[in-house]
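A.B. asks: Single-letter residue listing:
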Amino acid sequence: QQQVKQSPQSLIVQKGGISIINCAYENTAFDYFPWYQQFPGKGPALLIAIRPDVSEKKEGRFTISFNKSAKQFSLHIMDSQPGDSATYFCAAGEGGTSYGKLTFGQGTILTVHP
Amino acid sequence: EAGVVQSPRYKIIEKKQPVAFWCNPISGHNTLYWYRQNLGQGPELLIRYENEEAVDDSQLPKDRFSAERLKGVDSTLKIQPAELGDSAVYLCASSTRRRTSGADTQYFGPGTRLTVL
Numbered sequence: 001q002q003q004v005k006q007s008p009q010s011l012i013v014q015k016g017g018i019s020i021i022n023c024a025y026e027n028t029a030f031d032y033f034p035w036y037q038q039f040p041g042k043g044p045a046l047l048i049a050i051r052p053d054v055s056e057k058k059e060g061r062f063t064i065s066f067n068k069s070a071k072q073f074s075l076h077i078m079d080s081q082p083g084d085s086a087t088y089f090c091a092a093g094e095g096g097t098s099y100g101k102l103t104f105g106q107g108t109i110l111t112v113h114p
Numbered sequence: 001e002a003g004v005v006q007s008p009r010y011k012i013i014e015k016k017q018p019v020a021f022w023c024n025p026i027s028g029h030n031t032l033y034w035y036r037q038n039l040g041q042g043p044e045l046l047i048r049y050e051n052e053e054a055v056d057d058s059q060l061p062k063d064r065f066s067a068e069r070l071k072g073v074d075s076t077l078k079i080q081p082a083e084l085g086d087s088a089v090y091l092c093a094s095s096t097r098r099r100t101s102g103a104d105t106q107y108f109g110p111g112t113r114l115t116v117l
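Residue numbers (the working numbering), protein chains in the order written: chain H, 1 to 114; chain S, 1 to 117.
Hints are computed from structural coordinates only; laboratory data are not their basis. Mixed in with the good hints, there may be bad ones.
Capping the alpha-carbon separation at 25 angstroms, the derived lysine-lysine pairs in PhoX-like fashion look like this [said to hold, decoys possible]:
(1) H/Lys101 / S/Lys62
(2) S/Lys71 / H/Lys101
(3) S/Lys16 / S/Lys78
(4) S/Lys11 / S/Lys78
(5) S/Lys71 / S/Lys16
(6) H/Lys71 / H/Lys57
(7) S/Lys71 / S/Lys15
(8) S/Lys78 / H/Lys101
(9) S/Lys78 / H/Lys42
(10) H/Lys71 / S/Lys62
(11) H/Lys68 / H/Lys5
(12) H/Lys42 / H/Lys71
(13) H/Lys58 / H/Lys71
(14) H/Lys68 / H/Lys15
In this text the structure is predicted, and so the values were computed from the model without any measurement.
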């Protein structure tokens, strides 16, 4: 069962543009929503994360927007740079006895053209 | 601070052969995770350890996969026998448990790319 759906699968943006990646989830037990960035040959690295008690979180050029009622969240990359070219994964985490367990989306391959 | 270390980085084996992956987590991290990442997909959790205890192994195919974390530090994931469908990147991650501040950041190693021929 695909609990976290991510779109688009791939995205091409010009340098300086805005990159937007969307995710939707089904399990209302999720209470932690991180985004990971992965470069070829490397493991995923945490980029930014949000909890459902806020609707937006910004760190530098990266912003997460969260819509609890719609069960959707998105990553916005402002002023996209060629160095941002990577695969981005959204994820959702649970609390309680499943604390620490992350369910990942399928990933978005972002290409930023100079 | 050293990150999560995994070895080997690459492994090519014939089907039905055994294979083992090793992970050394970040010092002081009591939680350790093994994930499998198929090509073009996100990581999928196989097993999670709290110290030396496997607290979530519901996604581990126990007929052929086994894991251990002796002394609550290093961990080994084994597949015996390997099948063609096991070809994937096997990722190890670690984190510290903060009971008061919500979910922990998981730090991933570079992974082991397994190819089963």
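A.B. asks: Indicate, hint by hint, whether the structure satisfies it.
C.D. replies: Hints versus structure:
For the hint pairing H/Lys101 with S/Lys62, the CA-to-CA distance comes to about 19 angstroms; that is within 25 angstroms, so the pair holds. A distance of roughly 22 angstroms separates the Cα atoms of S/Lys71 and H/Lys101; the hinted pair therefore holds under the 25 angstroms criterion. Between S/Lys16 and S/Lys78 the CA atoms are separated by roughly 13 angstroms; this keeps the pair inside 25 angstroms, and the hint holds. The suggested pairing of S/Lys11 with S/Lys78 holds, with an alpha-carbon distance near 13 angstroms, which does not exceed 25 angstroms.
With a C-alpha separation of about 30 angstroms, the suggested pairing of S/Lys71 with S/Lys16 is violated against the 25 angstroms cut-off. At most 25 angstroms may separate the alpha-carbon atoms for a hinted pair to count; H/Lys71 and H/Lys57 meet this at roughly 16 angstroms. With a C-alpha separation of about 31 angstroms, the suggested pairing of S/Lys71 with S/Lys15 is violated against the 25 angstroms cut-off. The suggested pairing of S/Lys78 with H/Lys101 holds, with an alpha-carbon distance near 21 angstroms, which does not exceed 25 angstroms.
Only pairs whose Cα atoms come within 25 angstroms are accepted, and S/Lys78 paired with H/Lys42 is accepted, the gap being roughly 21 angstroms. Between H/Lys71 and S/Lys62 the alpha-carbon distance is near 33 angstroms, which puts this suggested pair outside the 25 angstroms criterion. At roughly 15 angstroms between alpha-carbon atoms, H/Lys68 and H/Lys5 fall within 25 angstroms of each other, so this suggested pair holds. Simply put, H/Lys42 and H/Lys71 have alpha-carbon atoms about 30 angstroms apart, too far for the 25 angstroms limit, and the pair is violated.
For the proposed pair H/Lys58 and H/Lys71, the alpha carbon gap of about 19 angstroms is at most 25 angstroms, so the pair holds. Of the pairs offered as hints, the one joining H/Lys68 and H/Lys15 is violated, with about 31 angstroms between alpha carbons and a cut-off of 25 angstroms exceeded.
Comparing the model with each earlier hint shows violations of hints 5, 7, 10, 12 and 14; every other hint is respected.
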